[in-house]
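S.K.: Chain by chain, the residues:
Protein chains: 2
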Amino acid sequence: MTQTRRIFTFVLRLLALAATVSATIVMVNSHDSTRVLNLTFKAKFSDSPTFTYFVIVEAIVSGYNLIILLLSSKGSLWRIVIILDVVAALLLTSSMSAALAIAQVGKKGNTHAGWLPICGQVSKFCNHVSGALVAGILAAIFYYVLNLFILYNVLNPLFVAKPN
Amino acid sequence: MTQTRRIFTFVLRLLALAATVSATIVMVNSHDSTRVLNLTFKAKFSDSPTFTYFVIVEAIVSGYNLIILLLSSKGSLWRIVIILDVVAALLLTSSMSAALAIAQVGKKGNTHAGWLPICGQVSKFCNHVSGALVAGILAAIFYYVLNLFILYNVLNPLFVAKPN
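Residue numbers (the UniProt record's numbering), protein chains in the order written: chain A, 1 to 164; chain B, 1 to 164.
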């Protein structure tokens with residue numbers, strides 16, 4: 001049973017690592033340019049502070065996840081890892097939500113604010129961002145399942161007494 | 001000691017409730033209009049799907065928090081409440097991050113995408129949104145402290161054995 005649990009969390013971490021690394025790489029490589037009325041219109045992820053934040057968070061969580069995968073889980077650090085896993089989920093949620101909000105404006109625009117959609121002009125850029133966002137959402141989902149599974153096990157009545 | 005802990009979590013929940021209720025009310029009441037070249041330019045929170053999402057999340061977390069405050073913490077539901085508190089923190093993080101990303105574009109614009117800042121035209125609206133965002137950030141911080149405190153206590157070696 002313990003062995004099964006360990007394999008399950010290991011696989012979830014591997015999947016989350018694959019998703020965050022993909023999200024980072026795909027977002028970093030998202031660029032496109034188009035010519036409108038003799039003006040070259042370029043788009044890349046670093047044009048938006050939100051997409052830059054997304055890349056930083058996905059890279060940080062990738063690094064953290066890799067360290068946890070390489071370190072033995074037998075150490076005494078497992079309590080701090082539970083807290084750090086929740087922090088990682090919060091960071092992934094934050095970066096994914098912010099990037100989704102900006103991507104939505106990029107795709108649909110906002111007529112009230114006079115912000116025009118840009119995906120018609122730089123569709124290659126938009127496709128890359130969409131791909132990175134899907135990977136980011138998957139990474140967050142893997143972390144939600146991981147956290148739920150770990151917390152469920154920690155809070156199992158067999159292992160814990162009510163703290164207050 | 002147990003009594004002190006209970007008072008601390010109660011106060012944190014009260015503060016989080018005050019913050020989420022304030023965020024909801026201030027965001028719902030954010031509207032402004034201006035006239036540019038004989039055109040009336042109106043701004044309200046529901047013009048942006050992100051701000052609407054912010055209001056929905058802050059209202060849901062307010063309701064959840066109120067129920068937990070009214071319910072006795074002596075019941076057998078405390079394990080599910082620990083998980084729900086993490087979910088509430090994730091929801092608050094998501095809505096706050098998305099709203100911050102849009103507010104940043106509203107304030108600074110994005111020259112690369114051709115999105116102009118709107119805060120010069122509808123400053124009253126922007127001030128309201130800023131106020132709601134500050135309340136939303138505070139609500140998230142109160143929930144982070146609450147979760148950290150509860151998880152720290154649950155993971156205390158006195159109460160828990162290593163689950164795997």
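Honestly, the hints are just simulated from the structure, not real lab data. Please read all numbers here as calculations on a predicted model, not as lab measurements. Accuracy of the hints is not assured; some may be wrong.
Which copy? The list can't say, so a pair holds if one copy fits it or any two copies do.
The list that follows gives simulated cross-link-like pairs (lysine-lysine, DSSO-like), each with its CA atoms no further than 30 Å apart [claimed, not checked]:
1) LYS107 to LYS124
2) LYS124 to LYS42
3) LYS44 to LYS124
4) LYS108 to LYS44
5) LYS108 to LYS42
6) LYS124 to LYS108
S.K.: Each hint: holds or not?
M.R.: A quick look at each hint next to the structure:
1. LYS107 to LYS124: Answer is both; intra-copy 12 Å and inter-copy 27 Å each pass.
2. LYS124 to LYS42: For LYS124 and LYS42, only the intra-copy Cα distance (11 Å) is at most 30 Å; the inter-copy one is 33 Å.
3. LYS44 to LYS124: within (10 Å within a copy, 33 Å between copies)
4. LYS108 to LYS44: For LYS108 and LYS44, the Cα distance is within 30 Å both inside one copy (18 Å) and across copies (18 Å).
5. LYS108 to LYS42: both (19 Å within a copy, 19 Å between copies)
6. LYS124 to LYS108: So LYS124 and LYS108 pass the 30 Å test inside a copy (16 Å) and across (25 Å) alike.
Checked against the numbered hints above, the structure breaks none of them.
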